[in-house]
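Student: Heads up: the sequence lines are chains A and B, in that order. So for the first sequence, numbering that gives the first Met the number 0 puts the first residue at 0; every next one is plus one. So for the second sequence, numbering that gives the first Met the number 0 puts the first residue at 0; every next one is plus one.
Calculated from the structure, these hints are not laboratory results. Note that this is a predicted model, so its numbers are computed, not measured. Be aware that one or more of the hints could be misleading.
What the hints assert, rightly or not - Examples of chain B residues toward chain A, derived with CB under 10 angstroms: (1) S115; (2) H116; (3) L117; (4) A120; (5) A121; (6) T127; (7) Q130; (8) V135; (9) R216; (10) K218; (11) A224.
Beta carbons: idealized from backbone N, C-alpha and C, even for Gly.
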Amino acid sequence: MTQIVSPENESDLDKGMVIFQDVRKVYDDSIVAVENLNLIINKGELVSLIGPSGCGKTTTLKIVNRLEECTSGKILIGGMDIMSLDPVRLRRGIGYVVQEIALMPHMSVAENIGIVPRLHNWPRKKIMKRVDELLEMSGLEPAKYRYRLPDQLSGGQKQRIGVLRALAAEPEVILMDEPFGALDPISREVLQNELLSIQQKLHKTIIFVTHDMDEALKISDRVVIMRSGKIEQMGSPAEIQENPATEFVRNFIGEDRLSQISPEDSVSVLVEDPWGKAYPDQSASDVLSMMEDEDMESIQVVEKRANRWAGMAYLRDVKRISRTGGSVRDAARRDRKLYLEEATMRDAAEMLADKAYPIPVIDEQGEFLGVITEAGIARLTIGRLKRRVTGGASQ
Amino acid sequence: MIQQSSLLVLFIKYVARYYPRILRLTFQHLTISAIALALTLVVCVPLGIYITRKEKLAPYVIGLANVFQTIPSLALLGFLILIFGIGNDNAICALFMYAMLPVLQNTYTGIRSVPSHLVQAAKGMGMTDFQILLKVQLPIARPVLLAGVRVATVWIIGTATLASAIGGGGLGKLIFSGLASIRYEIILAGAIPATIIALLADQCLKFLQDYYSPRNRAKRMAKKAEKLGVDLSE
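If we strip away everything but chain B, and leave its shape as in the complex, we get:
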């Protein structure tokens, strides 16, 4: 009891004293994660779409992402020092390799799960391949795709704490220095913001997912139309 309250006191004192540093590191953490996530999306969503059209490549590409996934994260970070040297580039690259699988896999599965008769009907109505992708396949695959993005986001934010092990920044710095000096309040000062960011990001994505679900969208459209109808009659 005494120890717990003293940890709490120590934690509050630490935060009160070093909050600018914690904020700065949180911001850095966010930046690293955001860049890694953006990179993942920019590469893996198109790649996932591409392999739905080149079915033969799919097992290799997904297999490769799978391999990255299974390499222990610390080992991967250490290995990448050989290529990128020390610093955030290295960390971002490693995070990207980690987050590839869920995004790639879910894009691929999501698009493949679009019933083929819908694609055929869309084609029969005169959509181009790109319109089919944009108006039929991606919207129908969106829940699955977003689920993958959510997993990737949480992973990235969690794993980004390891970046400081190889000279990068982020909240990992606090955690590692806390571990080194056996000061739990510093570990907490790093771990709690990281957890909060991860949860918040996840919830934001979940909200987006719900907001744009067909049902809610249809409801909003109906409401808007109702309003317009009232306006017109006035």
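Just chain A, same shape as in the assembly:
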């Protein structure tokens, strides 16, 4: 796998090729996020990075556009070492889609799509033309949508604009950080299909981070399964499914594929990263404004150190505490939680049926592992139904 690129064949490289050479990322608190990663992504390839939360997939992605700097190793894009480039210019040349969508709320749809072209100083006419072209491509009537504001769009439309924004300046490489993670299962599926059809036309090099195995298997040319900063296995979706290399991969696919899931199974498959987290010492009013911005009903309070779970704060409590100027610690309640070691799917489903708020999952040491949401269960169910149907048809 460790194919070293020598300077002689640099010119043969297509512009969109991304090469990771012994990339290692250690955070200040000596947590190793990525360990000796070697990976070659060909031009026009859509590669998914997938793994449990904390496996280093998002860090790997952020190293590519230097939102994180790697501790050692090299990344080459089109044969150029990214560390030799100005980070700002590097980023302008790479498309970037994030889970939070992050459309600028004060800019119209057209302005949002035109952000990167404007940074490149394209002439106004050219930007306008490009925006209309992109809107048309994804079936949004330009005249109708051009001057809408992001909050006048549905969730699916917003992320569609998020993807168009990444395409606008015609980058060869696009990074997508769980782009459809926050969408409802139906929009998610629609957008996956759109991405596939866009990819068929444009052949971009796409690095796609996800925690949803179904998504990865559906859209990728190649799936890279990561675990604690290392590549556990990579291969085409078919290869991965047919020959899982290790027990971990087997579990990861198996659990997620869940053909034999039962209500008594562990909830570990369902655990996902929460939308947002708060630290206990953050003032309640800061957290309140964040929650209101993100339209969150509740938030997980997690200590920065050791990732210890400090409780879960509901919007109404945060509101109340913020009036007295307290910290979010005072708003945190600890009565709603599941222990990873003992909780079953049935427990999770019953709790969610009772109250729709996300359920925090912790281990016996009190470390925060993630949340279980209604959307997660819905996705799982839909995935299962789909497989039943396709499985039945192929037999």
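Chain A is fixed; fit chain B onto it per the hints.
Tutor: Just chain B now, kept in the frame of chain A:
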């Protein structure tokens, strides 16, 4: 009733006779306020932005502005005589110290309230720090920032009446001389223009705030595009 109508008559007579003086003082009042406001904006907006990047300094800087805020205005003016002597400089400096808090605080809060994922996304798209500030943070913080400026403006214009207590000019002169001679019509001749200026300034800022709100801006752009579209088809 009689007294009221006579006050009104007295007031009208006074204004009719001394309107050049009232206008001159109003102008002076405006000038003092404008300078103080400009000074506040020039110092506090950048300072507010600066402390969002040096979080450790923030409580001290805002605390200091808070202290200025709580000193009784007359005492502060009197105290500043020691430094600036008598006159408008002194008044402008005091007004500036007063107006610091709302501008500083709202700049700071406004910029801090910009969701961090937007800043991260802007960075990821290749904006420089300065572009992020100019194109993302400030526009999103603008409503909060402008609210602070509005508070500061009204305070400055109101408090500027005290300037004449320490030898400065402005409408305060009329108020103080009215108080000294117990002639209510003179007090009114000073107080009414000051109130009007404050209200007008506030409304102007409010209008600006609405005019540049994203929604109205988007509407204007859509209209303009429509017009252009019609023009093109002709």
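Student: Go through the numbered hints given earlier and state which of them the structure violates, listing their numbers in rising order.
Tutor: The structure breaks none of the hints.
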